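Engineer: One-letter residues, chain by chain:
Protein chains: 2
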Amino acid sequence: MAAARILILGGGFGGAFAARRLSALLGERADITLLDRKNYFVFQPLVPEIAGGIVNVLDAVTPLRHMLPRVRVRTGLVRAIDLDARRVQVVQGEMGDLVDLEADHLVIALGQVVDLGRFPGMSEHAFTVKAAADAFALRNHIIDCLERASITDDPDERRGLLTFVVVGAGLSGVEVMGEIQELLRRGLRYYPGIAAGETRLVQVEFQDRILPELSAELADYALGLLRRRGVEFRLGRGVRSAAAGAFELDDGSLIDTRTIVATIGNAPLPLLRDLPLRLERGRVAVTPDLRVEGRADVWCLGDAAHVPLDDGRPAPPTAQAAVQQARLLADNVAAVLDGRPPAPFAFRSRGTLASLGGRRAVARVGRLRLSGFPAWLLWRLAYLAMLPAWITRLRVAIDQVLDLFLPRNIVQTAEPALAATRFQRHRAGDVVVRSGQLGDGVHLVLSGVYEAMAADGGGRVYGPGDHFGDDAIVEHRAHHRPIRARTDAVCFVLARGDYERIAAALVDGAVAPPADSDEARPRL
Amino acid sequence: MAAARILILGGGFGGAFAARRLSALLGERADITLLDRKNYFVFQPLVPEIAGGIVNVLDAVTPLRHMLPRVRVRTGLVRAIDLDARRVQVVQGEMGDLVDLEADHLVIALGQVVDLGRFPGMSEHAFTVKAAADAFALRNHIIDCLERASITDDPDERRGLLTFVVVGAGLSGVEVMGEIQELLRRGLRYYPGIAAGETRLVQVEFQDRILPELSAELADYALGLLRRRGVEFRLGRGVRSAAAGAFELDDGSLIDTRTIVATIGNAPLPLLRDLPLRLERGRVAVTPDLRVEGRADVWCLGDAAHVPLDDGRPAPPTAQAAVQQARLLADNVAAVLDGRPPAPFAFRSRGTLASLGGRRAVARVGRLRLSGFPAWLLWRLAYLAMLPAWITRLRVAIDQVLDLFLPRNIVQTAEPALAATRFQRHRAGDVVVRSGQLGDGVHLVLSGVYEAMAADGGGRVYGPGDHFGDDAIVEHRAHHRPIRARTDAVCFVLARGDYERIAAALVDGAVAPPADSDEARPRL
Chain A
825 MAAARILILG GGFGGAFAAR RLSALLGERA DITLLDRKNY FVFQPLVPEI
875 AGGIVNVLDA VTPLRHMLPR VRVRTGLVRA IDLDARRVQV VQGEMGDLVD
925 LEADHLVIAL GQVVDLGRFP GMSEHAFTVK AAADAFALRN HIIDCLERAS
975 ITDDPDERRG LLTFVVVGAG LSGVEVMGEI QELLRRGLRY YPGIAAGETR
1025 LVQVEFQDRI LPELSAELAD YALGLLRRRG VEFRLGRGVR SAAAGAFELD
1075 DGSLIDTRTI VATIGNAPLP LLRDLPLRLE RGRVAVTPDL RVEGRADVWC
1125 LGDAAHVPLD DGRPAPPTAQ AAVQQARLLA DNVAAVLDGR PPAPFAFRSR
1175 GTLASLGGRR AVARVGRLRL SGFPAWLLWR LAYLAMLPAW ITRLRVAIDQ
1225 VLDLFLPRNI VQTAEPALAA TRFQRHRAGD VVVRSGQLGD GVHLVLSGVY
1275 EAMAADGGGR VYGPGDHFGD DAIVEHRAHH RPIRARTDAV CFVLARGDYE
1325 RIAAALVDGA VAPPADSDEA RPRL
Chain B
825 MAAARILILG GGFGGAFAAR RLSALLGERA DITLLDRKNY FVFQPLVPEI
875 AGGIVNVLDA VTPLRHMLPR VRVRTGLVRA IDLDARRVQV VQGEMGDLVD
925 LEADHLVIAL GQVVDLGRFP GMSEHAFTVK AAADAFALRN HIIDCLERAS
975 ITDDPDERRG LLTFVVVGAG LSGVEVMGEI QELLRRGLRY YPGIAAGETR
1025 LVQVEFQDRI LPELSAELAD YALGLLRRRG VEFRLGRGVR SAAAGAFELD
1075 DGSLIDTRTI VATIGNAPLP LLRDLPLRLE RGRVAVTPDL RVEGRADVWC
1125 LGDAAHVPLD DGRPAPPTAQ AAVQQARLLA DNVAAVLDGR PPAPFAFRSR
1175 GTLASLGGRR AVARVGRLRL SGFPAWLLWR LAYLAMLPAW ITRLRVAIDQ
1225 VLDLFLPRNI VQTAEPALAA TRFQRHRAGD VVVRSGQLGD GVHLVLSGVY
1275 EAMAADGGGR VYGPGDHFGD DAIVEHRAHH RPIRARTDAV CFVLARGDYE
1325 RIAAALVDGA VAPPADSDEA RPRL
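Protein chains in written order, with the numbering used here: chain A, 825 to 1348; chain B, 825 to 1348.
For the record, the hints were derived by calculation from the structure and aren't laboratory data.
As the structure is a prediction and not an experimental result, all values here were calculated from the model.
Some hints here could point you the wrong way.
Covered stretches of chain B (in silico footprint by chain A; criterion: 3 or more residues with CB under 8 Å from a CB of chain A, positions within the stretch not fixed) [what the hints assert, rightly or not]: (1) 1101–1108; (2) 1231–1237.
Non-contacting residues of chain B with respect to chain A, defined by C-beta distances greater than 10 Å in every case (computed) [unchecked claim]: (3) 1022; (4) 1073; (5) 1162.
The beta-carbon is built from N, C-alpha and C at its ideal position, and this holds for glycine as well.
Could you build all of it, start to finish, from the sequences and the hints given here?
Structural biologist: Shown next, in the form of structure tokens:
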């Protein structure tokens, strides 16, 4: 008998653990391929510690090829799925090659995506903390804010740079806030010009309580602790919009900030919405044995799946549930291959843990409720034990132990501001670039209206499709006139260094960028 | 008496060590500012180990604020220097604020830059290994090449992805090659589809020997060792050009490759060339007491300086010499402030070490010459001892010890291909995008001519200022027709994900990018 071809889409908790167990159960009887856009598995509960700078980004993740030695790992992006043929179109490589993969059993473990499109400016300006790389970028950004606040003379800019907003106060939001608070507390000793009282931390939550995953008592403990550490809570408040320098709540109040972290907005993959399958609350409806309704050979698990439990409620979208589903899914695929009947999913909660940073946590394990240092110790040990490879466990443990004794590392490895293209939203009246500034690049207007303000009150106007900021770069000088948004507006910014090189080639009289231009980043 | 204002430009070996000693010598008597574009000190000899993935990028560098607690550290970029007024114009912050800093004593420690402008395509396509971030990017790129080679069906592309070229075979070039070879050797066990013999390593050196810093005997040992490990040497050969998929030697021969590492091209900062001071061989001519010729209060040291020695030759451009100069410079500034005469510089060589990767090295220490494992052990211990902070020492030592026992980490944290804008050079005839590929983005032609090839042999032509690749993105489909360079040509590529968002706003009928688009990277 030919080996069964099993194709697993997604290398998170659901996909990676299913692949590992399938490989153990089936050995040579299966030809297993796992597709993910990255070549590593992220242990999600550690992501806040990456953002805080406790755990090194490379240490916190496990190479999928190391974790799954007998599984074929491919990096690529799913573009289309044909459920009937169990065929997947994949985008791979630098130039976007399209490749078709076919399987006898297809496992959909693609999780959910973050969709902030409902809130103007949020997709342009909010950091997310799903991926390890996002968390690392957030850490670098926070240190960049401290660097910039320490040298600016403008009190408004300083206030914005030292204000940090986290949207959402579930597990992920609270853990990220705890780590940001700790990073600031320990990092600020290196910035003698910034007083501890100058930083402002705001947590916004639509519900009127935090940590709905835990009891009201534990949530109150967490709330009190974070408040004592200076975190402001805006409960019962939602997001209205975000912009380059501000965050707006749904009551219209504004917070000046350069750092917005979004832990909200989980949504189904657009790809899944277009498939001939039923979604329930944004998740793929599956039968209790984890097969997509009406399909014998298409499976789905983890955050992407709506898995019915005995009590009629769906399984929670947690790592814990995904790992339990992965185990069952592998057993069920093996059963089907053997002609045995598959079993239904039953969820056994092993508890919930939330770190608050600074060696404090809250925990519920069975009937036990813990808070403070004991909960934190439990949290550390439980997650260390759950890591998928002993090498990762060792590296993470070393990072965590070193962090107990060493000062926090405030190295900012990336230069985020000048290096890359970006999208920006401005509110009517916002100043985009002041006179005397070199500017960050060429701005291409996507929506709304910007205006360059002349001394006589007149000024030039830029609408969608127009661009500004190029003249200063071409002439290698600072801006003569401030530019501001006349209406709410969105623009695309091509970084100054990139445009310097383009202008040197295409614009008569443009000054060539110096060879040591910060922005020159060679790439293949 | 008011504290003397000392402004140090550059936080490399010269600047950081001078700042540290000045701070120790002068205490409250000096108000010391150090300006660098990054907030950390890079221990240059470890950079190849970052490229190889032995040492974690965050572990290998030391925060300047931690290293220099009593020095005011500022991040920013030098834009102009007024030597007479000892005034420096600095670019800082996201929007390019211009700030003037003034000092009583100005210390220029800006090192050199890499200028590859003489070789067409090299600034577009070569990696450098000066900065820690460059080395980290190179490591991620090499792993990306393995990922892509393991899934492509195209033998030409596979060969290019598995060929690695290092230009220059001095200390830095040889050490980087040693680490790349070791990274491949240990990383390939995770890529069962790639045979060890499929990788090709080529080292190109203009001189007819390697490691001119060491004796011919030690260089021969290194050459033999690297050759036995499969490195091809092209000695007595220089660079002619580079392109998106190829490297061209000065004899016209071509090497298909996606990875070119340049360890050549050191050049003076353009900024220094424009100042009223004398350059000698591209370095600032200084008097033996390390003052810029004709200036009483402007100092220069390290790679930026041409420091005359007793024997008439200049001090070597090494970390060792920079550290010795930093010590003398601090003593001399203190002497001048006290009205004492400054002392001349005398260089005492403490030896030269070159790692070859895989626990082998060559070393010269006084009259002692070592090779192999003992030299490697000496290399490791000597550099550990020289690290500027015991925290860095501890973190690096842990990384190095773990690497002896653990498999090499092959996590690829960045997705380099799709994420960012880039510049590309193509040779006449090179295919830029094939039909059936989604393409990497919109290409704006900067020089030369590209053509879209129609089935009937005709085709559309794109010259400087024209762009192509947008139609496929707007219509969310693969390219219908291949596009190739008709002449040697250079283009700027705006990444597909960025253009999807731009087109959705500005182009009628354009398809909005999916919310989970890989390329959507929020930033502030």
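Engineer: Each hint needs a verdict: does it hold in this structure or not?
Structural biologist: Hints and how they fare:
1. 1101–1108: violated (count 0)
2. 1231–1237: The restraint on the stretch 1231–1237 of chain B holds, since 6 of its residues have a Cβ under 8 Å from chain A and three suffice.
3. 1022: For residue 1022 of chain B, whose nearest Cβ neighbour in chain A is about 17 Å away, the distance exceeds 10 Å, so it holds.
4. 1073: Given that every Cβ of chain A is farther than 10 Å from that of residue 1073 of chain B, nearest at about 18 Å, it holds.
5. 1162: holds, 28 Å
Violated hint for the displayed structure: number 1, the only one.
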